[in-house]
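There are 2 protein chains.
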Amino acid sequence: MKLLKDKIQKLAQIKDGDVLKVDMFLNHQIDTKLLDAMADEFIRRFKGKKFTKILTIETSGIAIAYPVAQKLGLPLVFAKKQNSVNIDGEMFSAKVISYTHFREFNVIVSTKYLNDKDNVLIIDDFLANGSALRGLLSICQQAGAKVDGIGIAIEKHFQKGGTELREQGYEIESLAIIDEIDEKSNKIVFHE
Amino acid sequence: MKLLKDKIQKLAQIKDGDVLKVDMFLNHQIDTKLLDAMADEFIRRFKGKKFTKILTIETSGIAIAYPVAQKLGLPLVFAKKQNSVNIDGEMFSAKVISYTHFREFNVIVSTKYLNDKDNVLIIDDFLANGSALRGLLSICQQAGAKVDGIGIAIEKHFQKGGTELREQGYEIESLAIIDEIDEKSNKIVFHE
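As given, the protein sequences belong to chains X and L, one line each in that order.
For the first sequence, the residue numbers in this note's numbering are 1 to 192.
For the second sequence, the residue numbers in this note's numbering are 1 to 192.
Only chain X is shown next, with the shape it has when bound in the complex (with noise of 0.2 Å):
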C-alpha cells in the first residue's frame, strides 16, 4: 500500500538493529486518516469472506482494527496481555514472546467473546517472528472459531514468521512488507 509505504519512508526510524519506530503515525501518535485508508484497502483485501468479529491484541493493535470493525460494522475484540481484576471467569490464554520488550507474557480473551460459530479477521501491527500472532491463533483454535484472514500494517519479511504461517495455510496480508533494513543509512527495502 503506497501511502503507507511513504509513511513509513519518509517518517520511521531504525533502532537497534532492526526496529521500526513509527510512534510517529502508528503507535503513539495516530494518524486516523492513515488507518482510515489502511482499514479500506484490509476490506478491499479480503472482499468475500464474511468474518463474523476482528480480533487484535493490545496496544497498537486496537487503533488498526478500530476502524476495520467500524466500516464492516462487527464486534472487536483485543486479547489483554495480563490478567486484570476487571476480566474473570473462563479465558483463552496463551503464551506469547515480545521480542521488543525482552519479556514473556500470556494474551488472554475472555470465552464469552470467542466461539465455534466465529470467522474471525486478525488485525495487527507488526508482523516479524510471528509469536503474537501464534498466541491469537492458538486463542482462536481453543475457540474452535475459525480463523479466516490476517491483515497485518507491517511485516518484517526478513524474520520469518509471515513466511512459516503463510506456509501454513494462513491468509496473510501485510500493507507494508519490508525485505531489508539499515540502521546506519536508514535505509528501507520494501517488498515488490
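You can take every hint at face value.
If several chains are the same, the list does not tell them apart, and a pair holds so long as it fits within one copy or across any two.
Derived lysine to aspartate or glutamate pairs resembling EDC-like cross-links, with alpha carbons at most 20 Å apart: (1) K5 to D125; (2) K15 to E90; (3) K71 to D118; (4) K10 to D31; (5) K112 to D31; (6) K146 to E173; (7) K71 to D31; (8) K33 to D125; (9) K71 to D36; (10) K81 to E58.
Hints listed in this document are in silico derivations from the structure and should not be mistaken for laboratory results.
Please read all numbers here as calculations on a predicted model, not as lab measurements.
Since the structure of chain X is already known, use the hints to place chain L on it.
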C-alpha cells in the same frame, strides 16, 4: 447519554464493591457503533472549541478516542503506561496510581507530540479518583499545552475525582455519571 446508560444498565456487572465491568462493549469487546455515537456526543458537547489534538491513555482510552479524532480530523496521541524500547528521546512523564490494578506506574508522552501551541481534548473511559486524568493534565502542563476539554465515558460520581477537577476549572463532560452502585442487588443509579 441514553444509549450508553442503557448499555451499562443492561450489560455492566459490579465487582469488588465498586468496580464496574464493561468489558462486553467498552474495554475487551468493543461495540464500534456505540463508540461512534459517543464520539458524536462528545463533539456536540464541545462544539465551538478549536482543538488541535486528542489525548488519551492506553489501553481502554484508545478505542474511545479513535472516532473522536477521526471525526474531527485531528491527530490522536495516547500516553503509554511504561517505558518501552520503542520510545526514546525526551518524554513528559507523570506518576499514576491504578486502583483497579493496585499499582503505581508512570505515564509518558514523547515531547515530539505535545507542545505549547496545542489545545487538547482529553478522552478517557473512566473517571473515579482522577489519578490517570491528573497524570495526563500534568503532562499537558509540562508541554505548555492548554486542556480545553475532558470527555469521559463513565464517571463514578461517588468518588471525588470529577468534582475536584471541575472545582479547579476543568470542563469535564461525562456521558454516563453514576451516583451509586450496589454489588449485591447489581443496582446502578445514574446522576440526573
